[in-house]
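S.K.: Chain A is already provided as a structure; the job is to place chains B and C on it using the hints.
Chains as they are written, first to last, in the working numbering: chain A, 91 to 530; chain B, 91 to 530; chain C, 91 to 530.
No lab work stands behind these hints, which were simulated from the structure alone. Some hints could be false.
Any copy, or any two copies together, can satisfy a pair, since identical chains are not distinguished.
Using 30 Å as the maximum straight-line C-alpha spacing, the simulated BS3-like pairs for lysine-lysine come out as follows [claimed, not checked]:
{"id": "1", "residue 1": "K215", "residue 2": "K165"}
{"id": "2", "residue 1": "K503", "residue 2": "K515"}
{"id": "3", "residue 1": "K503", "residue 2": "K215"}
{"id": "4", "residue 1": "K503", "residue 2": "K117"}
{"id": "5", "residue 1": "K367", "residue 2": "K166"}
{"id": "6", "residue 1": "K503", "residue 2": "K208"}
{"id": "7", "residue 1": "K389", "residue 2": "K367"}
{"id": "8", "residue 1": "K503", "residue 2": "K227"}
{"id": "9", "residue 1": "K314", "residue 2": "K331"}
{"id": "10", "residue 1": "K215", "residue 2": "K515"}
{"id": "11", "residue 1": "K143", "residue 2": "K165"}
{"id": "12", "residue 1": "K331", "residue 2": "K165"}
{"id": "13", "residue 1": "K503", "residue 2": "K239"}
{"id": "14", "residue 1": "K367", "residue 2": "K314"}
{"id": "15", "residue 1": "K143", "residue 2": "K208"}
A quick note: this is a predicted structure, and the numbers were derived from the prediction, not measured.
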Amino acid sequence: MILSTPEPYNQCCHTGVNKMLADNTSKEIYQALVDIPILDPHSHINPHAAASKSLEDILGYHYYTELAHSCGMDKKFLAAEIPGQEKVLEIIRHMNQFDNTAQYSWFLEIAQVFLDFKGDRITPKDTDFLWTSAQKKMASSTWEAQVLKTSNLEKIFLTNDFDDPLEGFDTTFYIPCLRTDELVFHFGRNNVQNRLGKTTGINPGNAAELDKCINGLFKHFCNKGAKACAISLPPDFSPAKSSNSDLDQCFKNGDFDSNIWKNGIFWKLAEACSQWKLPFDLMIGVNRNVYENGVYQGKDLYDQRTSLIQYAPLFNFFPDVTFCISVLTSNQNQELSSYSWIFPNVIAHGHWWYSNIPVHIEQDTRARMQASPKTKQIGYYSDMYKLEFGLPKFNMYRKILSNILARDFLQTKKHTLEETIALGKLILRGNSERIFNLQN
Amino acid sequence: MILSTPEPYNQCCHTGVNKMLADNTSKEIYQALVDIPILDPHSHINPHAAASKSLEDILGYHYYTELAHSCGMDKKFLAAEIPGQEKVLEIIRHMNQFDNTAQYSWFLEIAQVFLDFKGDRITPKDTDFLWTSAQKKMASSTWEAQVLKTSNLEKIFLTNDFDDPLEGFDTTFYIPCLRTDELVFHFGRNNVQNRLGKTTGINPGNAAELDKCINGLFKHFCNKGAKACAISLPPDFSPAKSSNSDLDQCFKNGDFDSNIWKNGIFWKLAEACSQWKLPFDLMIGVNRNVYENGVYQGKDLYDQRTSLIQYAPLFNFFPDVTFCISVLTSNQNQELSSYSWIFPNVIAHGHWWYSNIPVHIEQDTRARMQASPKTKQIGYYSDMYKLEFGLPKFNMYRKILSNILARDFLQTKKHTLEETIALGKLILRGNSERIFNLQN
Amino acid sequence: MILSTPEPYNQCCHTGVNKMLADNTSKEIYQALVDIPILDPHSHINPHAAASKSLEDILGYHYYTELAHSCGMDKKFLAAEIPGQEKVLEIIRHMNQFDNTAQYSWFLEIAQVFLDFKGDRITPKDTDFLWTSAQKKMASSTWEAQVLKTSNLEKIFLTNDFDDPLEGFDTTFYIPCLRTDELVFHFGRNNVQNRLGKTTGINPGNAAELDKCINGLFKHFCNKGAKACAISLPPDFSPAKSSNSDLDQCFKNGDFDSNIWKNGIFWKLAEACSQWKLPFDLMIGVNRNVYENGVYQGKDLYDQRTSLIQYAPLFNFFPDVTFCISVLTSNQNQELSSYSWIFPNVIAHGHWWYSNIPVHIEQDTRARMQASPKTKQIGYYSDMYKLEFGLPKFNMYRKILSNILARDFLQTKKHTLEETIALGKLILRGNSERIFNLQN
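Just chain A, same shape as in the assembly:
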């Protein structure tokens, strides 16, 4: 992969971009923020296939399949045997039912910026044009580099399975991150136990061996330049240490779905984060498979009744581990803001999934910015599966941030323009650089 010096697309000139900015100060700030190369501290990019290969890769994103399905699209159109162009047409056919959403706006911006789409609204008759345009462009061997350059993307965190070899890509650009959901929640399924044995060379059959395995994993990941450990957690999860003898019992009974197991291995992961000096990204609040017949990745929802008080024992026990916390609902944001204001090791991290919607981003960002140290906040991550989403998602956030900075800091004369932009830069990437130790 050859990356030339980024010459990002001049996003302010594009008709589809600066419409959400409240006034001229916002625009000035936005232009400055857009010029800052993006450091994306959380994504699901596959570094071996980072950019899309067709429009199906774009519209196969669960945000579109689930919205189309919610509006009445039959899941059968998403089956593997359906040709991509047909699949895409079916999704676009339902788009006029969700062209009000932020998710639709991302796609429109992708079409405009990356696929030469000139219109302001995407209808089924545009499918052929978009499909063909995507086919042509994405076939280019430089497509990935073009997307990165246009998007001004400089570094992107991955989300790697624990048994990912982490080979064949530039780990200083696509930064490894150890995802641990499977170990905690699916140890007895998906061949996880064996895969852990295979990847670490130690077959874990008791707590002591589990320690060695985890140590091996962290060693492997850290050697490959991993900068974070991450996990997503259900609303009722309450971390607590389990004793090794209790964990031994879990191995003996093959009991890997009990709270003893989940708590025990989670706690060991936190210990490893402490030992290996890795920040631990906790993504708190998701219930899996709530809508049983949903589309792939479109089944998860949540229970708003959760609290960071559940994590107080963890935050207290590991003062040297930095916990980057994402919450799933705006309801939880005041807690996140307050906990990051009080606990030195708690960082407010991005705007996750169901809260990655302008009205919530705006409210949540303002709450954090007014109450919690500016060095304890990581503004945004893309959560994307394909590179093309970095630009519209970061643009959405940068517009909201620019409006807030203009209104709450510059126009109130709390900050000069220079200070305001510096604050935006810190929130956008400076804090990530420091917290994830990217200078080394």
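M.R.: What follows is chains B and C alone, placed relative to chain A:
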């Protein structure tokens, strides 16, 4: 009842109406929305006495009696033997303690639009004028028709007791809706069991007979043009199927207050909705009789700790039933928005009761509009007991909606003016027409 | 203490003051509100040392020590043996990490208004100037009077330990308030039981003696002009009466940490409030010592999962006690607004601690103003420990309130300018005067 072609009151010209609109685009949108005849998908109108007969009918609405009582009005003034004019004076005497509220604004607009009131503030000395004006106007045999015409009301859903004969009114204008709270929560009281037997001709003494009764009810209601089934539910309600043998046991023991009973009959109602293709309106989150000494209908409050996760089994089990969900608090709105984004059969429905306040309507509407398909949202219903409230309540909503449409869609150039107005119309009535199957 | 007629600092002329006001109507309202002498219905002022004696008193406020610590400041710098100037320098050294916060803005305004600071941003190199300026000014025997005059502070509620002699200060200016946390939550610690015996002359060894003690306390406080009883409560507290025989058992077993004890003595305090006609300030939702290694007073956080439904039995049982309710999170605000709309004896009280942040104050105030009677709301209290914080905290609130009044009442023509200002005055002090019975 004779309804001439609606020539609605030109609401934009009235001094009391367009003050809340942010700018000229909002006003243009508002004017267009006001011209759309109102389809009100939830009210408590009595079709045999739909319009008020005196000012007492207006100010007897619990919003006023409870606010006056909260400010110190003795409940004795609400006793049946107190003459209406005296009652009304006592409420107005306390109004200067709540003339800051949205609820007061509704009354002011009623006075201005319907009662020839020329002032900007209602004080006790206005009581005589208002009382007399109401007496004169409401005595007219065309009062109901006048109110409907002025308000541009085209169709109004009712909330009918299960044993309502549904006779003596135009069921294509006043649309029946089967209210089922009594069956689920009060089966052992208020003579409900006997009334069910009487109205269906089957005395329910076991689960199988209950099935027949419910089938009879739905048949009766559907024959009379009912378009929905509805129920209000406490915050801790978690639907789950009960077995028929468990329900038989409930009949045997006269146990109609257990969760087995409530869950069991509720589930059967959902089955009937499926069979009879009726949408099921769930109004989630109210605790009854919290303030024990409150005025009539002014005793209910809530516990914000509730979640739609409680309804996931229901939504999953009945994919062919459309659930129109109202939530009582703005806290629950993000869940509602997310669940309607994911579940094909979940619709976000209006702004209910304690959330029917501008600051919450605005935040909640924006959250829905930015995240959930536009076809999965029913904007507003009046919840009114008397026709005169349709106009001020819908106006409040239309103003807020116009501001949102102007700011988030028109001014950001996401939509043209025409598209923006079409979006407003869909939210205001198009979705109701489709979801409640009103074209047939 | 000599208090001349207040000639408050003309706050609108100061560069640092009116930057947050949205437009000219807001400014006009703000100017009028600033002219109203402040009645502060809740503070932690020590009347024997009300004003600061050095910059250490200002920056020793937990809002600064906890933010600096959260940004990495070692707690050792806060030890008693560290000289004040060094302590202050260390806090200011971390300030550039939290100069985005509302808390920082309060300090900046104090520096500008009280310490002759001319800059717009405080950096470590300003420490000497600020320290010296504070030393000089605060050494003056009239410093307290100057602060009061500049701040236009007219009456300030205290928070007194139950065994405070309440002597040596003007109790019509510094108004006593009986704080009861220790009795309910720490009866078996800190020598509380003995101290209660000493202060009341009755050694409490059973429920009957406890009644006499409580009666003695209230008599003492009321004789000294106390105008409220107050307590802060954890999120899971659910008041319920305990029987005297159960309380006798608590005494017998030295069991003062059970719910029986806490509920029992709390209920008796409410009975005493009823008998002595004192409003009861309930500050609901704080968990103590969540961050175990936090700085002094910087350890407490919360669990958003709490509800006012827990207090319904209390509100019902004591209709003649006025409960002034503060909630810790914005999530709880809709409940507070709704409960004060329904219960005659529930008052929405101020913006407490983690909710004392502009974005939450704005949302919460609008919700209360649109839904609940204007006579059932006490706008703001300082919660301050040192007098200098009254001005910046009340200014923050007055600016937000002015913007709301301008936008929601004046510009919508709901109120004239005069009525708008009268509404602001009622919220700012009129309601406190009436509710706390300050006219007598």
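S.K.: Decide, hint by hint, whether the structure agrees.
M.R.: Consistency of the hints with the structure:
1. K215 / K165: within (22 Å within a copy, 65 Å between copies)
2. K503 / K515: both (18 Å within a copy, 28 Å between copies)
3. K503 / K215: between (50 Å within a copy, 21 Å between copies)
4. K503 / K117: Both: 17 Å inside a chain and 16 Å across chains, each within 30 Å.
5. K367 / K166: Close across copies (24 Å), not inside one copy (46 Å); limit 30 Å.
6. K503 / K208: between (40 Å within a copy, 14 Å between copies)
7. K389 / K367: between (34 Å within a copy, 25 Å between copies)
8. K503 / K227: between (46 Å within a copy, 28 Å between copies)
9. K314 / K331: Classified as within; 29 Å inside a copy, 52 Å across copies.
10. K215 / K515: between (41 Å within a copy, 25 Å between copies)
11. K143 / K165: within (22 Å within a copy, 54 Å between copies)
12. K331 / K165: Answer is between; shortest inter-copy Cα gap is 27 Å, intra-copy 42 Å.
13. K503 / K239: Cα proximity of K503 and K239: across copies only (27 Å, versus 35 Å in one copy).
14. K367 / K314: within (14 Å within a copy, 58 Å between copies)
15. K143 / K208: within (21 Å within a copy, 59 Å between copies)
Violated hints are absent here; each numbered hint is respected by the structure.
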